[in-house]
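Visitor: Taking the hints into account, I'd like the entire structure generated from these sequences.
There are 4 protein chains.
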Amino acid sequence: MDVGFIGLGAMGAGMAANLVKAGHRVTVWNRSSSGSDRLVALGAERAATPAQAASGAALISMLSNDAAVRAVLIDDGVVERLTPGAVHVNMATISLDLAKELAATHRRRGVGYVAAPVMGRPDVAAAGQLNILAAGAAGDIERVQPLLDALGQKTWRFGDEPERANAVKLAANFMLACAVESMAEAIAFLSAQDVPATAFLDMIANTAFAAPVYKGYGRLIAEERYSPPGFKLSLGGKDVGLVLEAADKAYVPMPFASVLRDNILDAMARGEGDLDLAALAKVALRRAARGQAR
Amino acid sequence: MDVGFIGLGAMGAGMAANLVKAGHRVTVWNRSSSGSDRLVALGAERAATPAQAASGAALISMLSNDAAVRAVLIDDGVVERLTPGAVHVNMATISLDLAKELAATHRRRGVGYVAAPVMGRPDVAAAGQLNILAAGAAGDIERVQPLLDALGQKTWRFGDEPERANAVKLAANFMLACAVESMAEAIAFLSAQDVPATAFLDMIANTAFAAPVYKGYGRLIAEERYSPPGFKLSLGGKDVGLVLEAADKAYVPMPFASVLRDNILDAMARGEGDLDLAALAKVALRRAARGQAR
Amino acid sequence: MDVGFIGLGAMGAGMAANLVKAGHRVTVWNRSSSGSDRLVALGAERAATPAQAASGAALISMLSNDAAVRAVLIDDGVVERLTPGAVHVNMATISLDLAKELAATHRRRGVGYVAAPVMGRPDVAAAGQLNILAAGAAGDIERVQPLLDALGQKTWRFGDEPERANAVKLAANFMLACAVESMAEAIAFLSAQDVPATAFLDMIANTAFAAPVYKGYGRLIAEERYSPPGFKLSLGGKDVGLVLEAADKAYVPMPFASVLRDNILDAMARGEGDLDLAALAKVALRRAARGQAR
Amino acid sequence: MDVGFIGLGAMGAGMAANLVKAGHRVTVWNRSSSGSDRLVALGAERAATPAQAASGAALISMLSNDAAVRAVLIDDGVVERLTPGAVHVNMATISLDLAKELAATHRRRGVGYVAAPVMGRPDVAAAGQLNILAAGAAGDIERVQPLLDALGQKTWRFGDEPERANAVKLAANFMLACAVESMAEAIAFLSAQDVPATAFLDMIANTAFAAPVYKGYGRLIAEERYSPPGFKLSLGGKDVGLVLEAADKAYVPMPFASVLRDNILDAMARGEGDLDLAALAKVALRRAARGQAR
Chain A
1 MDVGFIGLGA
11 MGAGMAANLV
21 KAGHRVTVWN
31 RSSSGSDRLV
41 ALGAERAATP
51 AQAASGAALI
61 SMLSNDAAVR
71 AVLIDDGVVE
81 RLTPGAVHVN
91 MATISLDLAK
101 ELAATHRRRG
111 VGYVAAPVMG
121 RPDVAAAGQL
131 NILAAGAAGD
141 IERVQPLLDA
151 LGQKTWRFGD
161 EPERANAVKL
171 AANFMLACAV
181 ESMAEAIAFL
191 SAQDVPATAF
201 LDMIANTAFA
211 APVYKGYGRL
221 IAEERYSPPG
231 FKLSLGGKDV
241 GLVLEAADKA
251 YVPMPFASVL
261 RDNILDAMAR
271 GEGDLDLAAL
281 AKVALRRAAR
291 GQAR
Chain B
1 MDVGFIGLGA
11 MGAGMAANLV
21 KAGHRVTVWN
31 RSSSGSDRLV
41 ALGAERAATP
51 AQAASGAALI
61 SMLSNDAAVR
71 AVLIDDGVVE
81 RLTPGAVHVN
91 MATISLDLAK
101 ELAATHRRRG
111 VGYVAAPVMG
121 RPDVAAAGQL
131 NILAAGAAGD
141 IERVQPLLDA
151 LGQKTWRFGD
161 EPERANAVKL
171 AANFMLACAV
181 ESMAEAIAFL
191 SAQDVPATAF
201 LDMIANTAFA
211 APVYKGYGRL
221 IAEERYSPPG
231 FKLSLGGKDV
241 GLVLEAADKA
251 YVPMPFASVL
261 RDNILDAMAR
271 GEGDLDLAAL
281 AKVALRRAAR
291 GQAR
Chain C
1 MDVGFIGLGA
11 MGAGMAANLV
21 KAGHRVTVWN
31 RSSSGSDRLV
41 ALGAERAATP
51 AQAASGAALI
61 SMLSNDAAVR
71 AVLIDDGVVE
81 RLTPGAVHVN
91 MATISLDLAK
101 ELAATHRRRG
111 VGYVAAPVMG
121 RPDVAAAGQL
131 NILAAGAAGD
141 IERVQPLLDA
151 LGQKTWRFGD
161 EPERANAVKL
171 AANFMLACAV
181 ESMAEAIAFL
191 SAQDVPATAF
201 LDMIANTAFA
211 APVYKGYGRL
221 IAEERYSPPG
231 FKLSLGGKDV
241 GLVLEAADKA
251 YVPMPFASVL
261 RDNILDAMAR
271 GEGDLDLAAL
281 AKVALRRAAR
291 GQAR
Chain D
1 MDVGFIGLGA
11 MGAGMAANLV
21 KAGHRVTVWN
31 RSSSGSDRLV
41 ALGAERAATP
51 AQAASGAALI
61 SMLSNDAAVR
71 AVLIDDGVVE
81 RLTPGAVHVN
91 MATISLDLAK
101 ELAATHRRRG
111 VGYVAAPVMG
121 RPDVAAAGQL
131 NILAAGAAGD
141 IERVQPLLDA
151 LGQKTWRFGD
161 EPERANAVKL
171 AANFMLACAV
181 ESMAEAIAFL
191 SAQDVPATAF
201 LDMIANTAFA
211 APVYKGYGRL
221 IAEERYSPPG
231 FKLSLGGKDV
241 GLVLEAADKA
251 YVPMPFASVL
261 RDNILDAMAR
271 GEGDLDLAAL
281 AKVALRRAAR
291 GQAR
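Note that the protein sequences, when read in sequence, are chains A, B, C and D.
Position one of the first sequence corresponds to residue 1 (the working numbering), numbered consecutively onward.
Position one of the second sequence corresponds to residue 1 (the working numbering), numbered consecutively onward.
Position one of the third sequence corresponds to residue 1 (the working numbering), numbered consecutively onward.
Position one of the fourth sequence corresponds to residue 1 (the working numbering), numbered consecutively onward.
None of these hints come from the bench; they were simulated from the model.
These figures come from a predicted structure and were not determined experimentally.
Treat the hints with caution; some may be incorrect.
If chains are identical, the list can't say which one is meant, so a pair holds when it fits in one copy or spans any two.
Below 20 Å or equal to it, Euclidean Cα-Cα: the simulated SDA-like pairs (lysine to any residue) are [what the hints assert, rightly or not]:
1) Lys-249 with Asp-66
2) Lys-249 with Ser-234
3) Lys-215 with Pro-122
4) Lys-215 with Asn-131
Guide: Structure, rendered in structure tokens:
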């Protein structure tokens with residue numbers, strides 16, 4: 001399939017490579033051209049402008065946030081360049097408002113639009129094992145399914161309205177932050193009872209909470225290994241902010257999200273935004289005047 | 001091994017049966033004698049009083065809460081009846097204060113004391129597949145290890161001070177309630193975006209949150225099946241209360257536990273204490289004026 | 001003094017009238033012309049467009065929110081019409097971001113800018129007894145002081161940066177909502193102990209809490225008189241939202257503001273946004289399954 | 001009137017003195033005899049034991065908490081010594097459970113019981129200007145009214161059930177802590193906008209919040225004067241704990257009380273329990289990494 005790919009960051013680079021390996025004709029664009037060198041070496045073509053990447057049957061974008069999507073796709077005219085009948089697959093985690101705006105724009109122009117944010121860290125992306133959360137017209141999703149199959153282990157579908165996939169992604173990231181905060185408070189509690197965090201986190205991650213989230217973040221917390229970050233605390237804060245913003249408009253009280261907001265701000269105020277989200281444990285221990293984080 | 005067993009409720013009945021099947025000589029006592037009939041049929045002996053169950057090399061108690069432990073073990077003189085050198089294995093979820101009190105009493109009398117609360121529902125107990133959280137003197141635990149092996153798939157050890165195992169159990173139950181609340185808020189949020197709870201909960205329970213807690217409670221929430229309860233909301237509230245009480249004494253702020261407290265009270269105020277803890281989803285949906293719980 | 005006045009709502013109408021009565025030459029503009037009839041009858045001149053009201057030595061605007069300020073003052077070109085040396089006095093409660101934007105625009109054009117939000121309900125405005133929270137260059141404030149003296153009992157000054165007065169106003173409205181929520185939870189608590197809300201609220205409003213906020217809102221809560229609203233719950237929610245937005249950018253955890261947010265959303269979800277902010281008491285009683293709000 | 005007075009702490013000393021000055025025959029007892037010297041000098045008689053103070057027509061007790069009430073009044077046999085027909089006026093802030101227990105005990109023995117906790121700091125007590133929150137049988141209150149008139153400026157009555165006065169006192173202290181927390185968060189917010197706390201707190205304490213609570217605590221916060229404490233943070237925490245305990249039993253969610261709990265624990269964990277309750281401002285500023293409290 002003839003596909004453009006915009007955004008070759010930690011996630012996008014591995015994803016685009018998997019498309020090339022699967023035999024698709026991939027035209028890539030990245031803000032810094034050095035980012036695309038490796039892809040070109042693998043067999044991708046380099047687009048001189050983002051718009052040049054938008055001439056195929058499909059366009060995949062994997063940009064970091066609302067601002068980047070707006071700057072590259074809307075302001076730089078990529079959206080207008082897509083030909084009627086093409087399908088745009090937007091895999092970024094963006095706000096519901098921007099998701100709705102993009103869906104409306106594409107609908108007006110006869111371009112297919114699939115929102116397909118993903119679950120998985122960069123190593124999972126590179127291995128083609130992402131879980132893809134997709135929403136959009138069934139026909140559109142089916143047309144790009146070969147692409148999604150090259151990127152992920154499974155495509156989970158959430159109906160016709162693209163923004164629903166973004167809502168699902170935000171809800172999943174909210175739950176992830178909740179899981180981290182619950183471990184953080186639990187070990188602050190246990191620290192006061194002289195129970196080592198390691199023993200507890202090892203036990204739960206192998207029994208009732210034997211899931212990737214608890215295994216991964218539990219290890220980071222047990223080892224107090226907050227840097228380099230896998231998922232930055234500041235980005236977790238951004239996603240919690242998007243959840244609260246959408247919840248506000250729909251009148252949904254979310255007290256756990258409010259606690260997350262306050263504790264993430266507590267960390268940000270100390271310049272810990274570039275640590276891993278697991279550093280919520282530092283906040284809990286600091287408030288209890290416990291441990292290394294005293 | 002010659003072992004007494006006090007407390008044949010939903011959990012204890014299956015556990016005592018496993019001891020009998022493993023070849024131990026088990027003397028059982030239960031508040032209602034009908035509760036012990038099945039065990040006697042399996043080959044256990046019936047004690048006329050709780051104290052009679054306390055004459056062997058080990059005593060296991062599986063009572064429902066602080067009040068029952070106090071009434072049966074302390075006020076009825078069971079504790080005083082244990083012979084020096086015997087080991088008492090207390091598998092109930094009790095407060096840290098009572099745990100410390102029992103440890104001190106046993107120490108004074110030369111009786112071994114192992115706190116060994118468990119993770120797992122009644123069906124898991126019956127299958128001998130519990131996860132056992134044990135703390136106490138290493139020698140004491142080793143002496144009763146054959147009994148624990150008949151009851152669980154694994155014994156997780158948390159050091160010499162018995163109350164630490166109780167702290168671990170409370171922390172685990174706190175995390176469980178957090179997991180339920182995070183699902184509750186997530187589906188209230190998604191409901192406002194017209195994403196069905198079922199689709200979302202199915203996805204997370206098979207990806208990043210693929211753990212028993214999310215699979216089990218996720219299904220109850222998706223099916224709005226809050227009765228009969230597996231783990232009663234009122235009991236969840238009791239455990240959160242024990243966590244807050246111990247956190248209070250140790251000066252540990254736990255904002256997630258505070259939210260759980262308020263939301264459980266919201267449910268209790270409506271007479272929902274006998275529903276499953278999964279009914280926290282009703283609270284979240286009700287506050288957002290959503291769904292069946294409107 | 002030759003002064004324009006834009007925005008003759010419940011607050012602005014009485015304020016503009018006080019300027020006329022104090023002998024100033026007032027040119028008024030309002031979205032609906034009927035709104036300005038009474039002022040013209042008092043001796044004010046009617047501007048055909050907002051820009052026409054901007055030709056004097058001073059311009060006072062009293063619009064309801066960010067959107068109205070943006071639509072009337074910025075998009076309709078009022079700001080550009082002000083002559084260098086004139087002073088714009090913006091008395092609305094707006095976001096800190098918009099406050100900073102306006103300050104920068106005026107500074108660039110050599111126009112004085114004073115942010116002067118007020119405390120007081122419409123009857124207080126009509127009586128010329130407002131408390132005015134002013135910030136801006138000292139010289140600018142001094143030039144318009146005769147106008148402010150006609151509008152309020154006192155001008156409180158908060159330095160040179162106009163947006164600081166807006167921050168003060170938001171902080172004051174946050175505290176007001178906190179006072180209401182604290183009464184709401186207190187009477188839910190007392191209701192469960194069979195203490196009547198009236199007796200309690202009367203006592204505190206005449207002892208330690210003998211201040212206008214507690215007397216006024218206490219009476220509304222005691223009498224369950226939530227309509228017609230003096231200060232709409234939805235507007236209280238808007239101000240709490242502006243506080244959280246600014247706190248977010250400055251990394252300030254505000255857990256009371258988070259609780260207010262959730263409880264206001266609980267009310268909004270039930271269509272109670274047009275009730276008085278005092279209806280937070282309905283939320284507290286409803287959650288406790290108490291009182292009329294059961 | 002012939003009256004015993006037990007508990008001559010910071011509050012009780014001034015109160016007992018006012019009874020003596022009003023011409024009542026007062027027999028005093030205090031844990032440390034030095035505490036009663038000044039009263040004896042004023043004309044009071046000294047009781048050798050608490051029970052000796054309980055032989056008159058009335059007994060007033062002003063002990064610091066549940067434990068002291070239990071130790072002195074119940075364990076030391078004071079309650080049993082009261083003669084049928086006498087009236088016990090308990091002016092301490094105690095738990096609702098203990099209040100109910102005392103009421104039942106007195107009822108059984110034919111002794112009148114009036115719960116009469118007070119609002120006001122030691123200087124107000126010394127000036128005889130307390131506000132007294134009284135509940136109990138009307139006849140009992142009337143009999144001791146001459147005593148109450150010597151102690152306070154006004155007696156507020158809350159019905160026949162003594163514990164209701166205790167509930168009112170707890171609710172008032174909860175509101176006081178809410179007022180302090182709301183000021184704390186407001187100045188943390190304003191500090192980030194470079195608005196000085198002093199200017200803001202001065203303004204609100206003279207406008208919408210012109211009440212003793214805001215004037216008094218506002219000054220402490222503005223001056224960062226947290227020691228010596230007027231009302232210790234640890235005692236504020238104790239009262240919030242009593243509120244939460246009673247709210248728990250009655251199923252009343254109180255999210256503001258939960259926030260207070262967590263923030264008071266945050267301070268306690270840092271050894272700030274002996275500072276004034278106003279030190280909640282330190283917590284808010286610390287979390288935002290602001291000001292002297294950084």
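Visitor: Look at each hint and say if it fits the structure.
Guide: Hints, one by one, checked against the model:
1. Lys-249 with Asp-66: For Lys-249 and Asp-66, the Cα distance is within 20 Å both inside one copy (18 Å) and across copies (17 Å).
2. Lys-249 with Ser-234: Answer is between: at 12 Å across copies they meet the 20 Å cutoff, but 23 Å inside does not.
3. Lys-215 with Pro-122: For Lys-215 and Pro-122, only the intra-copy Cα distance (17 Å) is at most 20 Å; the inter-copy one is 26 Å.
4. Lys-215 with Asn-131: both (18 Å within a copy, 17 Å between copies)
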